[in-house]
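If you follow the hints, you should be able to join the two separate chains into one complex; please do so.
Line by line, the protein sequences give chains E and Y. Using the working numbering, the first residue of the first sequence is number 2, and each one after it goes up by one. Using the working numbering, the first residue of the second sequence is number 11, and each one after it goes up by one.
These are calculated hints, taken from the structure and not from any lab test. It is possible that some hints are incorrect.
Derived DSS-like pairs (lysine-lysine); straight-line CA-CA distance at most 30 Å [what the hints assert, rightly or not]:
#, chain 1, residue 1, chain 2, residue 2
1, E, Lys98, E, Lys257
2, Y, Lys96, E, Lys119
3, Y, Lys100, E, Lys157
4, E, Lys119, E, Lys157
5, Y, Lys96, E, Lys157
6, E, Lys42, Y, Lys96
7, E, Lys78, Y, Lys96
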Amino acid sequence: MRYIEPHGHMVSRTTDDYQAMALAGCAAICEPAFWAGFDRKSADGFYDYFCQLTQIEPRRAARYGLPHYSWLCINPKESEDMALAADVLALIPEFLKAPTVLGIGEIGLNKNTRNEMKVLEQHIALAVQYDQMILVHTPHLEDKRKGTRLIMDCLKANGVVKPERVIIDHVEEHTIHEVLDQGFWAGITLYPESKSTPVRAVDMIESVSAQRVWLNSACDWGHSDPLSVPKAAQEMRRRGHSAAAIDRLVYGNPVKFLSQSPRFKDPAAQA
Amino acid sequence: MSTPQPHPGAPARTREQVADLHFMDARYKLLDLAAFLDRLDRAAGGDDHRVRGLRAALPLLLEKDEGRVARILNLWSDPSVEPIAKADTKAASGVWPGLK
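Excised from the complex, chain Y in its bound form (with noise of 0.2 Å):
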């Protein structure tokens, strides 16, 4: 477990505090999500780019340090650095499409 880092802005509080206000938060979260991944295998068919970069995310959840977040959107994040020519649709899925 790692020593604790409060931040500067943030109001002193115990592990135990931050459990009382968001652990059922949390823990509805995490069985909605190993529904969906039941479900998944319920369906035909293989693993699309989002449900691979989902699936590659998972380890990162039981790393020690802090930035959870960060290192998943960074995972899913597009990698290049130009501006492409053109783009075939308006809306972006959610994981970059050329994760492996």
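Bound conformation, chain E alone (with noise of 0.2 Å):
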């Protein structure tokens, strides 16, 4: 089996992890910028992270034979501090250049507040600017809801933007719907308790057109499973799903909407 692994922070987790996730059939990873579990107190600590997501990340990947790539952000559990953000803003046209950076992500909001409106608006605005994609992060548990309608809103709003460069992540049951129906790619993350389990990411694509669906792990520091594509994908053969639908859901769909930055290579088409 092969898979994408659209979604994970690896700068979290073991080489171990890396290994474990080339041994059950993944073929390259990609990492968006997140929260370190704690406030950032300056814009170079972010200068920091991102030569790390572009330039450390790739090569602890390659030693697996894993092509990684990474979107770049300031991640809206830090977007209280304005003054922060746009320091953070300003340095990301530099980090843009680098050759495995697919756009910006993971942007969003957190608990759907004016300042992280605010700066959910400005990494738009930016995408918009330099022509790249968008990776959204959705807000946790009750806020997820509103969160998801109100940063749909915000990308309609902009005018510029097309949905089907934009993936919103983190769908659950009560949100993947409307995020498919307004012409976005949705994101299901498989997590053992808060978002989504594999057994419920594959009730989910039984009841959606899942040409627009992808599968993360989005492991990081917290309770996260860098092996949960590969586990979803048992639990849709147990099911009695062919080969080719699981390959479609893992392998396909991600290679297809990443496929729509050029830097993106299908590491199919490398081998």
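Okay, here's the thing in structure tokens:
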């Protein structure tokens, strides 16, 4: 089996995880910028982080034969500090020149505040200015439905963003239909407790047209599983889905979305 | 019992096949939930908004129509539509605190 991990926070993972993912059939990893578990005090911290995403992690992944790509932003959890956000946004264009950067992400909302909304709008404007794809983080738990709707309204209000170049991640049963109905891609994040389990994810896949859906582990420093995508594929096999249908979901769909960036290379075409 | 409505993307399967695959998983989760409610009973104090939300969701499990997960998630969701001025925490609790 082959698959793409389209959303993994590998800076938080060990090299053993890279090896396990490669052994499980992972063919490429994409890493959006996110919250480190604490608020960084200055833009210098983000400069170092962006260097890690664009230089260090691709080298770590390459040791296991894995192409590594990244997305850049200041995470919504740090967006309350508007001055810090402005400084970080000013750094991003320099890093967009790196050959493995695919776009702006994971941007979005956390607690659905006015400042988070302003920084989201600035990120969207940056993506439009530099013709970048967008990867969206939707809020957690009770804040998800409201935040998902605010984000989609914000994207549409921009007037230029093409929904097919945006993936709205962390959808669940109460948001996936709205996201797909509005033309966006939807990402289902597989977490042991929050977000979706592999079993629920397959239920969702069976209830929608899955042509614009991907699965990801979003593995990070919290309770998460870097092998959750192959585990979801195993669940599909148990239920009788064909090998072709599984391959389409865990490999074909992410390749289709990510290939909208000329920087992403289909690993199968490189073999 | 509702009429089976298989989704277009799902291979055809019987309820017995679904039970064969997932019954034990559902069984232990239901027992864990029962044990959690028992544990709450043995503890001091009243229910906070999270536990109230969980109790409010239990009747939805017995509804006949499909879509129980979405209905529970909607029950627990913040129903407001405007951005808030400022958050007093970065974290979400799992249930909207205003749920009655």
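Q | Proposed proximity, Lys119 of chain E with Lys96 of chain Y (alpha carbon, max 30 Å) | A | 13 Å, holds
Q) Straight-line Cα separation of Lys119 of chain E and Lys157 of chain E no greater than 30 Å? A) 15 Å, holds
(Q) With the threshold set at 30 Å, check whether the alpha-carbon distance from Lys100 of chain Y to Lys157 of chain E stays at or below it. (A) 26 Å, holds
Q | Agreement of Lys96 of chain Y and Lys157 of chain E with the hint, judged by alpha carbon distance not exceeding 30 Å | A | Roughly 24 Å between the alpha carbons, so the hint for Lys96 of chain Y and Lys157 of chain E holds.
Q: With a cut-off of 30 Å on the C-alpha distance, tell me whether Lys42 of chain E and Lys96 of chain Y pass.
A: Cα-Cα ~20 Å, so holds.
Q: Quickly compare the C-alpha distance for Lys78 of chain E and Lys96 of chain Y to 30 Å and report which way the hint goes.
A: Holds, at about 12 Å.
Q: Please work out if Lys98 of chain E and Lys257 of chain E have their alpha carbons no farther apart than 30 Å.
A: 22 Å, holds
The structure shown violates none of the earlier numbered hints.
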